[in-house]
Amino acid sequence: MIKILYFARLREALGLVSEELDLPQGTNVAKLMALLAARGDTWQQEFAGSHPLRAAVNQTLAPNSTVINTGDEVAFFPPVTGG
Amino acid sequence: MTVRVQSEDFDAGAEISRMRLSRADTGAVAAFIGQVRDLNDGARVSTLTLEHYPGMTEKALEDIVEQAKTRWDIFDILLVHRIGTLQPTDQIVLVVVSGAHRGEAFAACQFIMDFLKTDAPFWKKEQTPSGTRWVEAKVSDDVARERWQKK
Numbered sequence: 001m002i003k004i005l006y007f008a009r010l011r012e013a014l015g016l017v018s019e020e021l022d023l024p025q026g027t028n029v030a031k032l033m034a035l036l037a038a039r040g041d042t043w044q045q046e047f048a049g050s051h052p053l054r055a056a057v058n059q060t061l062a063p064n065s066t067v068i069n070t071g072d073e074v075a076f077f078p079p080v081t082g083g
Numbered sequence: 084m085t086v087r088v089q090s091e092d093f094d095a096g097a098e099i100s101r102m103r104l105s106r107a108d109t110g111a112v113a114a115f116i117g118q119v120r121d122l123n124d125g126a127r128v129s130t131l132t133l134e135h136y137p138g139m140t141e142k143a144l145e146d147i148v149e150q151a152k153t154r155w156d157i158f159d160i161l162l163v164h165r166i167g168t169l170q171p172t173d174q175i176v177l178v179v180v181s182g183a184h185r186g187e188a189f190a191a192c193q194f195i196m197d198f199l200k201t202d203a204p205f206w207k208k209e210q211t212p213s214g215t216r217w218v219e220a221k222v223s224d225d226v227a228r229e230r231w232q233k234k
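Protein chains in written order, with our numbering: chain Y, 1 to 83; chain S, 84 to 234.
Hints may contain errors.
[Stated by the list, open to error] Result set (EDC-like, lysine to aspartate or glutamate): computed pairs, CA atoms no more than 20 Å apart in a straight line:
id : chain 1 : residue 1 : chain 2 : residue 2
1  : Y       : K3        : Y       : E20
2  : S       : K208      : Y       : E12
3  : S       : K142      : Y       : E12
4  : S       : K208      : S       : E134
5  : S       : K142      : Y       : D72
6  : S       : K208      : S       : D124
7  : S       : K152      : S       : D124
8  : Y       : K31       : Y       : E73
Hints in this document: simulated from the structure, not taken from any laboratory. Predicted, not measured: the structure shown is a model, and the values here were computed from it.
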């Protein structure tokens, strides 16, 4: 089981703050994004569309190749705009 | 080294004085303040709401401050970033860096802001006359961060 968090514009588009999911062993960020996109509609647009997205695994920015393990906290969000 | 994420305002003058007086061998204090503008991308902005990722935000800011400390010979760093709903002319972010000489303090201060812009999980949402909108990230921010990699 992993926890997924969504932030900012993405959270509003999906209408979801967080969820828990069981993933196959060895799933990486890119594979998880493909799984989420396969839900269709808004999910397809957000995870396989033209909107740029960033991912974090255990609260650290993570490239698409990062492997996700049981108990990890994964977050997806648009490019940041603080400061 | 201090990092704070808070909804309350900060007193930049008091923070600068505190750092300046904390060590008598301090010769330079560089500071940056970011504030809310009333105009962005051609629209009037009445309020700005800052969302963040609690937990990761603090980690990301501490990591940036740590990198600056490793990279330059400086004495102390304070980084304060506000969250929640703000209005034009409200302060958003404060960076204060002290050291023996100005060069290192200036450079570290700019480095911290450039990395914060691309690596710290904050998102701005603006209220304009035509409704609310999320602020888009700028390519120029990525370019500003890239500069520091080439050294």
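Comparing the hints with the structure gives:
Annotation: proposed proximity of K3/Y to E20/Y holds, straight-line Cα distance about 5 Å (limit 20 Å). Between K208/S and E12/Y the CA atoms are separated by roughly 12 Å; this keeps the pair inside 20 Å, and the hint holds. At most 20 Å may separate the alpha-carbon atoms for a hinted pair to count; K142/S and E12/Y exceed this at roughly 25 Å. At roughly 8 Å between alpha-carbon atoms, K208/S and E134/S fall within 20 Å of each other, so this suggested pair holds.
Simply put, K142/S and D72/Y have alpha-carbon atoms about 16 Å apart, close enough for the 20 Å limit, and the pair holds. Of the pairs offered as hints, the one joining K208/S and D124/S holds, with about 13 Å between alpha carbons and a cut-off of 20 Å not exceeded. Straight-line distance between C-alpha atoms of K152/S and D124/S comes to about 35 Å, which puts the hinted pair past the 20 Å bound. With a CA separation close to 16 Å, the supplied pair K31/Y and E73/Y stays within the 20 Å bound.
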